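Visitor: Sequence:
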Amino acid sequence: MDIREFLREGLVGVLEKLGHAFAGANWIALVVAFLVPILIISARNEIRNRRLRDIQDFITAYPATDQPQKGDAADRNPSLEFVVSKYTSSVRLSAKDYLRLSNASASKRIEEFIRSAYRFGSHGDGQIFIASIGLIILTYYGFSNLMAVLAAGFETPKVACPSGTSANACCAANVFYSKILIVGSLAFAGAFLAALGIFVRSLAVFDVSAYTVLRQSFEMLASILIVIFLFSAFADPTKPFETLIVGGPAARDPCAEISWVWLALAPVLGLLPQSSTRFLLVRMRSIVSWIKLDDDRFNGVTRIVPLDVIDGIDYWTRFRLEECGIADVQNLATYNPILLHIETPYTIYRSIDWVAQAQLCHIVGLDRFLLLRELNIKSIFDLERAIDYQTGKTSTNIGFSSPDEFDAILAGILFAPTRTMRDVGTISGVRPLIMKKDPATGATSWQPVDVDTYCVWARELISSDDKRTKICVEHIMSWISDDLHVRRLRRIWQEMSDSLGERSARLDNPATKTTVGDAAASTDSQGSGTRTPAKESSAKTSEEPVL
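Counting from 1, position 118 in the sequence shown corresponds to residue 117 in numbering that gives the first Met the number 0; the numbering is continuous, with no gaps.
Hints were generated in silico from the structure; no laboratory data involved. Because the structure is a prediction, the values reported are computed rather than measured.
Simulated restraints on C-beta separations: (1) 313 with 478: 29 to 37 Å; (2) 477 with 204: 30 to 38 Å; (3) 26 with 324: 37 to 45 Å; (4) 449 with 260: 51 to 59 Å.
Straight-line Cα separation of at most 30 Å, BS3-like style, residue types lysine-lysine; simulated pairs: (5) 85 with 107; (6) 435 with 466; (7) 466 with 377.
Every residue, glycine too, gets a C-beta built ideally from N, C-alpha and C.
Taking the hints into account, I'd like the entire structure generated from these sequences.
Guide: Listed below in structure tokens is the structure:
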């Protein structure tokens, strides 16, 4: 036989086999299996391009955020550069394009990245699709078996038993395998929905990568296998209760239908990734003595602070922020406000306001935060300005700094004992030490006291005179406002303020504006070369810095 004929017949044979294989394929499951990764990749590209447009609009509206600041080591705002890098790092440009854009503005660079990223099938898309091969296989066989199970009504195959024959003796040969298929298909349904939810949340924060797809494929497979193993070990969870009621051990019936408990439990265990293994580990820790246990004495005083305490965040907004990984106030306090604006439907001003509130709440605690808010101090910068606000020249007689009286007022809140402090002292048994002086002998000694007495002693210690109080309170403010996330927010605040201009600092005073009569008098005096007092006053006012 000629080699060409052999190759031709071999190729035809391969094609015939593929045709027979695809003829019996479940086309619905096949379409779903390929559609999932394609939709994920398409949504990822669309989200990236849309958010790059939002970043471009932000730079256009606030150009100072993209300008090098005098005296700063950073060339541009690192917070903005990080956001831009997050959405452009996976976009590949040619060496020629990189060289051409090296000195271009951020807006032009983003425009080039958008043009390059709009094409479907880039290098990053190919990596994600290759990583999705396991997900495609799991989805295809999972949906094929699930559709078959639904068509059979969750019933196992049965055979007719001759008269006088026990049910166990005439069971179908593959009855246990059929049960495993039913339980595994239900577990797949739950695991598939859980994977879709994680993919959607990852898309919301632009966190879909080849690793994300591989991880979800592995977790789906692990959830299905663990549910099958648990079913094999505990096929009928209600059997122990039936044994107690009947009063004796009952034999396992292999031909019995699947328990309703597993019909409900299998998709739930699949829906919660690693739920079964985590449950077993948590239960085992309280039984096995050699496993290191957690110190749960302070669970009551170490609860997370919910996002609802922030003014402007309601129940539904809280769930939207949780999609970005912001679960509590600490997460919000350390979040990049520019990134929050880009990845959520909320404006930049709202994002900055929320982050500033969260930083104050995170630093001083929930109790003091709520008290300060009633004094019209609701953000970290409000507290900073109230304690030590260095201003320019103003029209008041206050001077260049905030009034010292406010330092004493706010010290009364910052040094106030809270219920959390009292509970920590009670649970731990810690009694702070203070120095006391004996009035009779003049000798000093250290004495352990409760939290309330300690806070009063600390407040009295810094109140020897007004000047000392001011120094101590401003010292507290200097360290609580020096966190990196506070400094980041302060720079964004300053640069956006620079973009708004000096005219946005305060409203114009109508009394300083030139009236119509003054303007007419000024016009009459122009011929003689003189300048009216009204004109001089107006010119002088315009030369003063506007705050």
